[in-house]
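Asks: Please model the complete structure; the sequences and the hints are all you need to start from.
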Amino acid sequence: MSNMKHLFKQMVFLALLLTFPFLEIQAQITIHMKDKPAAEVVKQIEKVSKYRFFYKKGLPGMNTSITVNANDQSIEAVMGQIAKQISVSYTIKGETQVVLTEPALQKTTPNQKKSLKGTVTDTNGEPVIGANIIQKGTTNGVISDLDGNFNIDVTEGSTLEISYIGYRPKEIKVGSKATIAVTLEEDTQALDEIVVVGYGTQKKINMTGAVAQVSNKDLESRPIQIYLQAFKV
14 MSNMKHLFKQ
24 MVFLALLLTF
34 PFLEIQAQIT
44 IHMKDKPAAE
54 VVKQIEKVSK
64 YRFFYKKGLP
74 GMNTSITVNA
84 NDQSIEAVMG
94 QIAKQISVSY
104 TIKGETQVVL
114 TEPALQKTTP
124 NQKKSLKGTV
134 TDTNGEPVIG
144 ANIIQKGTTN
154 GVISDLDGNF
164 NIDVTEGSTL
174 EISYIGYRPK
184 EIKVGSKATI
194 AVTLEEDTQA
204 LDEIVVVGYG
214 TQKKINMTGA
224 VAQVSNKDLE
234 SRPIQIYLQA
244 FKV
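Read in order, the letters of the sequence shown are residues 14 to 246 in the working numbering.
Hints in this document: simulated from the structure, not taken from any laboratory. C-beta: ideal position from N, C-alpha, C; glycine also. Keep in mind that a hint or two might mislead.
To be verified - In silico DMTMM-like pairs for lysine to aspartate or glutamate, Cα to Cα no more than 25 angstroms straight-line:
no. : residue 1 : residue 2
1   : Lys127    : Glu184
2   : Lys69     : Glu59
3   : Lys69     : Glu115
4   : Lys63     : Glu53
5   : Lys70     : Asp85
6   : Lys97     : Asp48
7   : Lys183    : Glu139
8   : Lys190    : Glu139
9   : Lys190    : Asp135
10  : Lys130    : Asp160
11  : Lys47     : Glu89
12  : Lys190    : Asp166
13  : Lys186    : Asp158
14  : Lys130    : Asp166
15  : Lys69     : Glu53
16  : Lys186    : Glu174
17  : Lys183    : Asp135
18  : Lys186    : Glu198
19  : Lys186    : Asp160
20  : Lys186    : Glu169
21  : Lys127    : Asp160
22  : Lys186    : Glu199
23  : Lys183    : Glu198
24  : Lys47     : Glu115
Claimed, not checked - Pair by pair, the computed Cβ-Cβ distance ranges are:
no. : residue 1 : residue 2 : range
25  : Asn145    : Pro116    : 33 to 43 angstroms
26  : Thr168    : Thr80     : 38 to 48 angstroms
27  : His45     : Ala117    : 23 to 33 angstroms
28  : Thr152    : Gly188    : 14 to 24 angstroms
29  : Gln57     : Ser100    : 18 to 28 angstroms
30  : Thr109    : Thr80     : 22 to 32 angstroms
31  : Lys130    : Thr151    : 14 to 24 angstroms
32  : Gln98     : Phe67     : 18 to 28 angstroms
33  : Glu108    : Ala194    : 46 to 56 angstroms
34  : Pro116    : Thr168    : 48 to 58 angstroms
Replies: This is the structure:
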C-alpha cells in the first residue's frame, strides 16, 4: 500500500513538472504575417495565443498593412514590432488582456526654444557672407559666416527676417524645421541707390558730404598724368 502511495506522489510530481513548462511555452507567440492590416494581425495573435485584444472601433492605424515575424516570442516583443509600424500604444493587463489606444500627445512648453541651422545663398548658389538673420520682433539675431551658414536659437513658431544690402529681404516661418536654406534675390532698385564712398557705402538720400559724379566723357577729356588724378574733384 505504501508503495502505491509513493508511486502516486511521483506521478503527480511528474505531471506538475510537465504542466508548468507547457504553460510557459504556450505564453510564447509564433506568427508570420506580411503586408496584412494590423486588425488581422491581432486577430491571428488571438488565435495562436491566450491574449485577447481590446480597442475602440476606428482606432487609427488598425487598417494599415504591417509585417510581423516572430518565433516563440513574448507578447511584449510582438507588440514592439507592431508599435514600430503604426501609431499605437498598448497596455498588457493581467495575464491575457492587451489594450490598444492612441499614443498620448506630447505636450510642448510655450515659448520653447530650439536650435536652427541654415544657409544663405544668392540666386547663383554663392554664399552670402554677413547676411543678417533676426528673429522677428526681437533683438535675437546672428550673421552668416564665410560659407553663408548660421546657427540661431529661436522660439517655436517664430519668424526669421533675413536681409543683406543690395538684396530683397525675406521672411521665413520656422515651424518645426531644424534646418533651412534661404535664397536672396538682388534688388536692382536698391543697388541703384547705393553710392560707393571711400569709407564704405551710403544711400544717396543719406549723403551729407560733397559727392561728384564723373562720366566716361569727363575722364576721356582730361589729360591724366597720374591715374588717381582722374578722380579728383
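Asks: All hints, please: hold or fail.
Replies: Now for the hints, and whether the structure bears them out:
1. Using a Cα cut-off of 25 angstroms, the hinted pair Lys127 and Glu184 holds, with the two alpha carbons roughly 18 angstroms apart.
2. Among the hinted pairs, Lys69 with Glu59 is consistent with the structure: their alpha-carbon atoms are about 17 angstroms apart, no more than 25 angstroms.
3. Pair hint Lys69 plus Glu115 holds up; C-alpha atoms about 10 angstroms apart against a cutoff of 25 angstroms.
4. The straight-line distance between the Cα atoms of Lys63 and Glu53 is roughly 16 angstroms, inside the 25 angstroms bound, and the hint therefore holds.
5. Restraint check: the Cα-Cα separation between Lys70 and Asp85 comes to about 29 angstroms, which exceeds 25 angstroms; the hinted pair is violated.
6. A hinted pair counts as satisfied when its Cα atoms are at most 25 angstroms apart, and Lys97 with Asp48 qualifies at roughly 14 angstroms.
7. A C-alpha spacing of about 17 angstroms is found between Lys183 and Glu139, which places the hinted pair at or below 25 angstroms, so the restraint holds.
8. For a cut-off of 25 angstroms, the pair hint linking Lys190 to Glu139 stands: about 23 angstroms separates their Cα positions.
9. The hinted pair formed by Lys190 and Asp135 meets the criterion: a straight-line CA distance of about 21 angstroms does not exceed 25 angstroms.
10. Between the alpha carbons of Lys130 and Asp160 the distance comes to roughly 13 angstroms, so the proposed pair stays at or under 25 angstroms and holds.
11. Between the alpha carbons of Lys47 and Glu89 the distance comes to roughly 19 angstroms, so the proposed pair stays at or under 25 angstroms and holds.
12. As the CA atoms of Lys190 and Asp166 are separated by approximately 12 angstroms, the hinted pair is consistent with the 25 angstroms bound.
13. At most 25 angstroms may separate the alpha-carbon atoms for a hinted pair to count; Lys186 and Asp158 meet this at roughly 21 angstroms.
14. With a C-alpha separation of about 9 angstroms, the suggested pairing of Lys130 with Asp166 holds against the 25 angstroms cut-off.
15. With a CA separation close to 15 angstroms, the supplied pair Lys69 and Glu53 stays within the 25 angstroms bound.
16. Taking the CA atoms of Lys186 and Glu174, the gap is near 9 angstroms; set against the 25 angstroms cutoff, the hint holds.
17. Note on Lys183 and Asp135: the hinted pairing holds, with a Cα-Cα distance of about 12 angstroms set against a maximum of 25 angstroms.
18. This hinted pair checks out: Lys186 and Glu198 have alpha carbons roughly 18 angstroms apart, not beyond 25 angstroms.
19. Taken as a hint, the Lys186 and Asp160 pair is honoured in the structure, with Cα atoms around 22 angstroms apart against an allowance of 25 angstroms.
20. A C-alpha spacing of about 10 angstroms is found between Lys186 and Glu169, which places the hinted pair at or below 25 angstroms, so the restraint holds.
21. A hinted pair counts as satisfied when its Cα atoms are at most 25 angstroms apart, and Lys127 with Asp160 qualifies at roughly 22 angstroms.
22. For the given pair, Lys186 sits about 21 angstroms from Glu199 by alpha-carbon distance, which is consistent with the 25 angstroms threshold.
23. Of the supplied pair hints, the one linking Lys183 and Glu198 holds, its CA atoms being roughly 9 angstroms apart against a limit of 25 angstroms.
24. In summary, the hint linking Lys47 to Glu115 is supported, as the alpha carbons are separated by about 23 angstroms, within the 25 angstroms threshold.
25. Between Asn145 and Pro116 the Cβ separation comes to about 41 angstroms, which falls inside the hinted range of 33 to 43 angstroms.
26. Judged by the Cβ atoms, the range 38 to 48 angstroms given for Thr168 and Thr80 holds: they are separated by roughly 41 angstroms.
27. For the pair His45 and Ala117, the supplied restraint of 23 to 33 angstroms holds, since their beta-carbon distance comes to about 31 angstroms.
28. Checked against the hint of 14 to 24 angstroms, the pair Thr152 and Gly188 passes, with Cβ atoms roughly 22 angstroms apart.
29. Separation of Gln57 from Ser100 is about 21 angstroms and conforms to the stated range, judged on CB atoms against 18 to 28 angstroms.
30. At roughly 25 angstroms, the beta-carbon separation of Thr109 and Thr80 lies within the given 22 to 32 angstroms, and the hint holds.
31. For Lys130 and Thr151, the Cβ-Cβ distance of about 19 angstroms falls inside the hinted range of 14 to 24 angstroms, so the restraint holds.
32. Between Gln98 and Phe67 the CB atoms are about 20 angstroms apart, so this pair conforms to the stated range of 18 to 28 angstroms.
33. Evaluation of the 46 to 56 angstroms hint for Glu108 and Ala194 yields a pass: the beta carbon distance comes to about 54 angstroms.
34. Remark: the range hint 48 to 58 angstroms for Pro116 to Thr168 is contradicted by a beta-carbon distance near 26 angstroms.
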